Amino acid sequence: MARTSQRPAAANEVSALQAALAAEHAAVYGYGVVGAYLSGAALATATSDWVAHEVARDSLEAMLRSAGQAPVAASVAYRLPHRVHSSAGAMSLAVTLEDRVATAYLGVVAVTSPKIREFGARELLATATRAASWRGRTVAFPGFPAGAPAAARG
Amino acid sequence: MAADRTRRAVLAAGAACLPMLAVSGCKGVGALAAPPRPAPDVAILRAAIAAEEVMIARYDAVVRGSDGLAAALRPLRAEHRAHLAQLRSRLIVPAAAASRSAAAAAASRSTTAAGGRSAGVSPSPSAAPGLDGAAGRGSGDAVSGDTRSGAAGAVPAGRAEAISFLQDAERAAAATLLRKLPAVSPSLAQLMASVAASEATHVAALATAAGTG
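Here the protein sequences come in this chain order: U and P.
Quick note on the numbering used here: the first sequence kicks off at 1 and runs consecutively.
Quick note on the numbering used here: the second sequence kicks off at 1001 and runs consecutively.
Calculated from the structure, these hints are not laboratory results.
Because the structure is a prediction, the values reported are computed rather than measured.
Mixed in with the good hints, there may be bad ones.
Using C-beta positions, here's what the derived DEER-type ranges look like [stated by the list, open to error]:
hint	chain 1	residue 1	chain 2	residue 2	range
1	U	ARG65	P	ARG1159	48 to 56 Å
2	U	HIS82	P	SER1187	30 to 38 Å
3	U	ALA73	P	GLY1158	47 to 55 Å
4	U	ALA88	P	ALA1204	16 to 24 Å
5	U	SER39	P	GLY1211	19 to 27 Å
6	P	ARG1159	U	GLY68	53 to 61 Å
7	U	ALA73	P	VAL1042	41 to 49 Å
8	U	GLU54	P	ILE1092	42 to 50 Å
Beta carbons are placed, not taken as given, at the ideal position from N, Cα and C, and that holds for glycine.
When you get a sec, could you build the whole thing from the sequences and use the hints?
Written out as structure tokens, the structure is:
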């Protein structure tokens, strides 16, 4: 990701980027668990997805630093949404991780800076693609937690 | 009492003015000189709606033309219908204005085959209505709305060709939405980015569909 310009970032931009970074930290941690239960092609996919989250995390940290902000740090450990005992459980965890990341990027899309908005949209697209591959099907509204946007919003 | 009457009159005048306040600020004709600037959202929303309508028409055409693909394509088409419904729900225009602009749009396109509901999709061998349960396609400009990519165009004959036709359409639709993101409100940007992401995932899903069945 190219450097963003040096300028004071709006508060909502910072909080959206920090939320995305926190989600990426969680995904990087979670994919470590995902990968532990997979083998073969699925493991290769998990590994490349893991790397993608590390790259996104690094981009977010760079964007926050260039805006004069301290990037939020990763936690030592994360509570997983569910226990993983099998490859099926691992894939379902991957879906959950991607969905949470997608929701965080939807917040980034809502900021007004065109560059940051575009970054959020690109990452939303990437995470939706990964989620669809783990889920085995597509969804109509990636990033919207309820599966669809709230009805009558402006 | 005279003083009381006067005050009441003033209050009444104030009340009479109230409904106007929101519209004109009670400034009279001069206030009309500066109409509220039209939100870029509306034009972009209309284009996004037209693009979804064309996309659905393309899926309709491919589904009609290939029995083998129908089962795999229906879920994707259903997602496009969901996109269309969401986009339409963001467009709040008086019905009269909407139909007027639709008519104008249709009239501006000399080559449009506006007579039929799915006429723009055309060279499909089957003449079936093909609007099974479609979310009430509104007007004749629906299908012919996308001039950028030659409307629904001719659907290629072969199965692989039809799939790659849809893949190209999905890619182009997603790219168009992303390109317009900087101009819209945060809320619409979220919807457009999500729709674009969904369309991007359809590219891989279509590849899978091509491989099965």
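Verification of the supplied hints:
1. Checking the proposed 48 to 56 Å range against U/ARG65 and P/ARG1159 shows it holds: the Cβ atoms sit about 50 Å from each other.
2. Judged by the Cβ atoms, the range 30 to 38 Å given for U/HIS82 and P/SER1187 holds: they are separated by roughly 32 Å.
3. Here the CB-CB span from U/ALA73 to P/GLY1158 is close to 54 Å, well matched to the stated 47 to 55 Å.
4. A hinted range of 16 to 24 Å for the beta carbons of U/ALA88 and P/ALA1204 is consistent with their spacing of about 21 Å.
5. Checked against the hint of 19 to 27 Å, the C-beta distance between U/SER39 and P/GLY1211 comes to roughly 23 Å, which is consistent with it.
6. Hint check: P/ARG1159 to U/GLY68, Cβ distance near 55 Å, so the stated range 53 to 61 Å holds.
7. At roughly 43 Å, the beta carbons of U/ALA73 and P/VAL1042 sit within the given window of 41 to 49 Å.
8. For the hinted restraint 42 to 50 Å between U/GLU54 and P/ILE1092, the CB-CB distance of approximately 43 Å keeps it satisfied.
Comparing the model with each numbered hint stated earlier shows that all of them hold.
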